[in-house]
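Novice: Dock chain to chain to rebuild the complex, using the hints, since each chain is given by itself in its own frame.
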Amino acid sequence: MNLKQSFILALKSLQTSKMRSFLTMLGIIIGVAAVIILVSVIDGFKSDLVGQFESLGSNLLTVNISPRGGNRTVDVDDMLQITDENPELLAYCSPTVMINQQAKFSTETSSTTSVTGVSEDYNKIQSLEISQGRFLQYMDIHKRSKSCVIGSYIAKEYFDDNAIGKTLKIGGNTFTVVGVLEEKASSQESSDDDKIFIPYTLSRTLNRSAKITSYLYSIVDKQRSEEAKDVISNALYKVFSNSDAYTVIAMTEMIDMIDEMTGKLTLILVGIAAISLLVGGIGIMNIMLVSVTERTREIGIRKSLGAKKFDILSQFVVEAATTSACGGVVGIILGIIVSIFLSGLLGFKAVISVGAVVIAFSVSVGIGIAFGYMPAGKAAKLNPIDALRHD
Amino acid sequence: MIDLKDIYKIYSDGDSEIRALDGISLNIKEGEFVAIVGQSGSGKSTCMNIIGCLDVPTSGTYHLNGTDVSTMKDDELATIRNQTLGFIFQQYNLIPKLTLLENVELPLVYRGYPPQKRKELAYAALERVGLADRYKKFPSQLSGGQQQRVSIARALAGNPKVILADEPTGALDTKTGRDVLEFLKKLNADGTTVVMITHDNEIAAQAKRIVRISDGKIISDERQAQNL
Ligand SMILES: Nc1ncnc2c1ncn2[C@@H]1O[C@H](COP(=O)(O)OP(=O)(O)OP(=O)(O)O)[C@@H](O)[C@H]1O
Ligand SMILES: [Mg+2]
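Chains A and B, in that order, are what the protein sequence lines are.
Its first residue numbered -2, the first sequence is counted upward by one per residue in this note's numbering.
Its first residue numbered 121, the second sequence is counted upward by one per residue in this note's numbering.
These are calculated hints, taken from the structure and not from any lab test.
Careful, some of the hints might be misleading.
What the hints assert, rightly or not - Lysine-lysine pairs mimicking BS3-like chemistry, simulated, CA-CA at most 27 Å apart: (1) A/K1 - B/K256; (2) A/K378 - B/K193; (3) A/K15 - B/K217; (4) B/K257 - A/K1; (5) A/K1 - A/K306; (6) B/K217 - A/K1; (7) B/K256 - A/K15.
Unchecked claim - If we take Cβ atoms under 10 Å as the criterion, some of the chain A residues that face chain B in the derived model are: (8) F50; (9) G303; (10) I382; (11) D388.
Positions of the beta carbon are idealized from the N, C-alpha and C atoms, including for glycine.
One chain only, chain B, in its complex shape (with noise of 0.2 Å):
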């Protein structure tokens, strides 16, 4: 499904160079649920932006899907963001000025879809998490773990086939990080492949799999024979 060679992201700042991955080989099958981890300014995010099309590598070869994505142009890029991919980020990221509803629908309204099926697709997303009696709130009238539940269903509501979160719990306390974390493994269970970053070693120990990163580097990539 995720198919990363010899992936190098390589900023220039001046005469010295930052290698934020440096050498990735990374394979993801279908209906795993990887956990990945490691210090701060380990390369996992700028892992996690190249995986979720969001970024491009400096070199290497990204194969989504068995199509190789390394090469696509903005637009398609675009494309599969939207039809094959669901992000959850660390500070939620919600349009303040849209209702919960409206933020939930916009990966549909850039699929196209008629505004009365987006409607039920998105009204759906929002009574999964749990939220759907305040579809017309706006996410400033939420608490955090609240907001986070609306971008796990915005993530949902198009029903992609890969969920990519980077620290989906990092700004929540410890019992609405579990109940995430629940979330992201009963989806996972439903067959949706999770892609998931943390520093949370407890919460990676949920994961199937741990992919450890130092310095650009795995340093280490295991399953967890009791999570499978």
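Chain A with its partners taken away, still in its complex shape (with noise of 0.2 Å):
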């Protein structure tokens, strides 16, 4: 008897008794789908986290300077400098400084549009694409003109996407719009086209502070974002002297660090979701076990007519397998169906892994095998005057 026709018999003995059969995969069904399901969404709540942060420049090295500094300080150009003395690791530098003010439109308040005072290079870092106008510029920068650049948001709502020229109040003075920005999220409210960029050297005359405390560098190639960390962090270790008075941030990090979260939450999610699949393998024992009780008689017929201990543990074997089998395919329909149902539930893209779904088939049919083996090698051990016997 060789394994197909194993495999063929098990196919009807699950066919003869269908609502057994499937109480018996039930145990499984869950487990591959709940495997299933907590993989993809993950992946797909990391795919989509990792794209946020990417959309923001996965480029990018965040630095900020601890405003209890003490004595010793940086200023704008210092960190500049830094830029130009590594022109092979750093493109551009732009301070930036949160200004905490309203904007406010004729007679409209917005509160929550944000200001932001940056320098002539920040379109560069951030790839920011001008619709009409320009970008600020180094003698916006330099003068301290009273110009700035708006977000599409801003432009369709307050200015009926004629901006160019008008103007808007920031904390009492009056900026002119020289440029409005392409929409990069639908124009949204309190989005990223909900943004105003005026020169950072106004910051002093609108916010009380007048440090300077973060700043944002582009860098040539993200392969070497460690060295360009490094030679930023180098540069301030000489003025500080102390590493706790700033930090160096790279983006690429922070998508490490999503990496390492995602990954530790999934093995400790499919870890309980694995005790699940362990119970529907006990469940398939369990009903391996009173089918062997069930079919002794037949046992025995097959071992008079010349059935082989191998024979009868391997029809055993094999239809546990095929149960749990089943159970896995269903089990990875379900979970795939969920899955899809769930990522437009919660709004992101959940991503079926293919690794998953051939994992978990092997690990179902894996379970099929380690716990149909007991109640297979029982009926293999029968002896046949005893189990044609039995009625």
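Specialist: Below, the structure written as structure tokens:
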């Protein structure tokens, strides 16, 4: 008797008692579906998060200077100089100063609009495209001209898409709009399109603090972000002699952190789901034991006709593996359907991982074999004459 | 062909022991048709099961076809059952969820024959018992007599040297029983050795040789000249 015949026999056996087969498989179905759902939802969550970080620019380095840095301090020129000295690593640098003032458009005040003080290179760092007018220029920064560049949401909402040359007020100062940015986030309120950029040199006037504590660098080569980070850290260490006085964070590091975090999360949750697979395996073992007892006479007949131990063993092991594999397939299909459904519900695309599907299927077959082996061994060991007498 | 020497089968049940076979020696030659008769509980089935390599004796030696089978391992016995012996049981012992053809095929499956070959042989065996046209039916769709004919087909599908039948007519009415007996006689006439257990003296009288067992011992062993 070969395995193919055992397999056909197993399918027949499943067919004859559908309800029971289904209940037997249920544990495996739930376990496999849970693994698929968890892995694909977490994967989807991860790529969503990574995507968001990458849209911020995966080639970015953020530098924060502690405001309580003591007497020693760095100014904007020092920071720009690091870029000039390392052109093979660093492309551009811009201070980023959050302006704690609300923007006012003729009569309306917007509480959602964020105002940031930046340099003329900021658009290159963030790859911002201009749809009308121009970005801030060196002379705007140098001369502290009250010019601003606005996001597409503001242009649409407050200026009827005709903003160039119009004015708005920030903290009592009147600014002239010189440029409008291209739409990035479908012109939603408080999105990337609800932003105003002004020369950082005006921050002293608008904010109470004169210190600039935050800088953004763009790096030339993502692969060398560690080196770029070291260059900036070393330059800052020379000034502060204290590595706590500043932080340098690479966006690629953030992505690595997300990878690590979601990896751990996946491991924990899949571990929990795996317990359900184990319970499913025990269910299969239980039913196979019942099945062996019920079919003792059949086993006796087969033995009287010349079935060897291995023939009986393989018949029952294959039957258990087939049951469990069928459960695995149903679980995979269920898992994929639920994942797709959930991705619609959670607002990000669940990523069906081929690896998870393959592993889930192999594990379910493996469980069938492992947990079917004991009942099958029991069947194989039956004495033919005792088995024949059984009723 | 079948050579039993001093076979004992003792079941110990706590302090009492049951001597199901109490020193049996029996030699059956190729081509014989032996009927084993005796009262209920006399040890007929026990003896048959040992001859059929389904059971092993407590002591004694058993040579089948010149090889000592009393010391063989389970899988070796399975091979003997598969290639040398064919069983017919009182309760037919067909597998209910398999079709007639699949039932008859079983010994050939375990012999490792390819599907085409074993289907042909199984079909031919069903033809011999006159049930070929129902090969797709299931045992439950047949009468008792027909089921017994299927079990005969299964026993002879592999063309065994010996057919062992434990009360093959026990569950059948007189007429059907006689049909089955005629069939066994025909098989024997074609050269197959037949060993048959029966309660029925009339049926036993058709055999070439009658062995009577009582309390696990052979009490008479006679050849019937009129049937030879
Ligand atoms: N597994 C067993 N355990 C204990 N005693 C057994 C066992 N099998 C058979 N016996 C005993 O052995 C004796 C012979 O039994 P056996 O089945 O050979 O009788 P039999 O001649 O075939 O009877 P029948 O005509 O009713 O079928 C009986 O007394 C029976 O109780
Ligand atoms: Mg009996």
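Novice: Give a verdict on every hint.
Specialist: Right, here's what the structure says about each hint:
1. Note on A/K1 and B/K256: the hinted pairing holds, with a Cα-Cα distance of about 21 Å set against a maximum of 27 Å.
2. Only pairs whose Cα atoms come within 27 Å are accepted, and A/K378 paired with B/K193 is accepted, the gap being roughly 12 Å.
3. Of the supplied pair hints, the one linking A/K15 and B/K217 holds, its CA atoms being roughly 14 Å apart against a limit of 27 Å.
4. A hinted pair counts as satisfied when its Cα atoms are at most 27 Å apart, and B/K257 with A/K1 qualifies at roughly 23 Å.
5. For the proposed pair A/K1 and A/K306, the alpha carbon gap of about 17 Å is at most 27 Å, so the pair holds.
6. Straight-line distance between C-alpha atoms of B/K217 and A/K1 comes to about 18 Å, which keeps the hinted pair within the 27 Å bound.
7. The suggested pairing of B/K256 with A/K15 holds, with an alpha-carbon distance near 22 Å, which does not exceed 27 Å.
8. Checking A/F50 against chain B: minimum C-beta separation of about 60 Å lies over 10 Å; hint violated.
9. For A/G303, the interface hint holds, since its Cβ comes within 10 Å of a Cβ in chain B; the closest pair sits about 2 Å apart.
10. At about 5 Å, the closest approach between the beta carbon of A/I382 and any beta carbon in chain B falls short of 10 Å, and the interface hint on this residue holds.
11. For A/D388, the interface hint holds, since its Cβ comes within 10 Å of a Cβ in chain B; the closest pair sits about 9 Å apart.
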